[in-house]
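Undergrad: Chains A and B, in that order, give the protein sequences. The opening position of the first sequence corresponds to residue 1 in this note's numbering, with each subsequent residue numbered one higher. The opening position of the second sequence corresponds to residue 1001 in this note's numbering, with each subsequent residue numbered one higher.
Hints listed in this document are in silico derivations from the structure and should not be mistaken for laboratory results. Every residue, glycine too, gets a C-beta built ideally from N, C-alpha and C. The reader is advised that the hints may include incorrect statements.
Each computed BS3-like pair below joins lysine-lysine, with the alpha-carbon atoms no more than 27 angstroms apart [stated by the list, open to error]:
1) B:Lys1068 <-> B:Lys1113
2) B:Lys1101 <-> B:Lys1068
3) B:Lys1101 <-> A:Lys62
4) A:Lys44 <-> A:Lys62
5) A:Lys15 <-> A:Lys62
6) B:Lys1113 <-> A:Lys44
7) B:Lys1049 <-> A:Lys44
8) A:Lys78 <-> B:Lys1101
9) A:Lys71 <-> A:Lys15
10) B:Lys1049 <-> A:Lys83
Take a look, some chain B residues computed to stay more than 10 angstroms from chain A by CB distance [what the hints assert, rightly or not]:
11) Ala1017
12) Thr1065
13) His1074
14) Ser1085
15) Lys1101
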Amino acid sequence: EAGVAQSPRYKIIEKRQSVAFWCNPISGHATLYWYQQILGQGPKLLIQFQNNGVVDDSQLPKDRFSAERLKGVDSTLKIQPAKLEDSAVYLCASSLTDTLNYNEQFFGPGTRLTVL
Amino acid sequence: GNSVTQMEGPVTLSEEAFLTINCTYTATGYPSLFWYVQYPGEGLQLLLKATKADDKGSNKGFEATYRKETTSFHLEKGSVQVSDSAVYFCALSVGVAAGNKLTFGGGTRVLVKP
């Protein structure tokens, strides 16, 4: 079974430029998460989707970050304009949706963003 | 709010040494607890989990016991190998009602030398 796919794996941009990351979750996983992992820290949830609806975006800096999952499958996370402090690894994860039990989240390899 | 605190690294060990990584948590509600591992160049993987007090999670020779009285979930392995070199993250989830959301600690880098 294919895992969570992300692209690109690396991206270098200058501040004030825009950037987009793509994620394709495991087939059949209705829930998709985007995390930001700053160097030396644990991942922090940015946004969670269930199918194409947003479940939680309370930690998403909405003035510059946006995300969509239009058809309930793959997802795009965008930053516009980027700041130096956005340098991080952006992780995508997916899980099944079971309303009774915890569902393991499966993580992609991440996209490492460097903002100069 | 929810938070996880784990010991800072790096932790450097010789092969076959005993490994302990301390993890304590603060949570509203009754969390499930997890250890994730990130091998060099790879994505995060679930290593083990425990969903209620006194449960012991185990996998690949690693163990952790859910201690509600001390709000802890320390990771242990009796004899580490070079292949255990990785970054280990302790995490919690307060459940399906909270959207399955994970709160992570800062990670502990472990380096095992031959």
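Undergrad: With reference to the structure, classify each hint as holding or not holding.
TA: Verification of the hints:
no.	hint	verdict
1	B:Lys1068 <-> B:Lys1113	34 angstroms, violated
2	B:Lys1101 <-> B:Lys1068	20 angstroms, holds
3	B:Lys1101 <-> A:Lys62	19 angstroms, holds
4	A:Lys44 <-> A:Lys62	15 angstroms, holds
5	A:Lys15 <-> A:Lys62	17 angstroms, holds
6	B:Lys1113 <-> A:Lys44	31 angstroms, violated
7	B:Lys1049 <-> A:Lys44	19 angstroms, holds
8	A:Lys78 <-> B:Lys1101	21 angstroms, holds
9	A:Lys71 <-> A:Lys15	31 angstroms, violated
10	B:Lys1049 <-> A:Lys83	36 angstroms, violated
11	Ala1017	24 angstroms, holds
12	Thr1065	18 angstroms, holds
13	His1074	17 angstroms, holds
14	Ser1085	17 angstroms, holds
15	Lys1101	6 angstroms, violated
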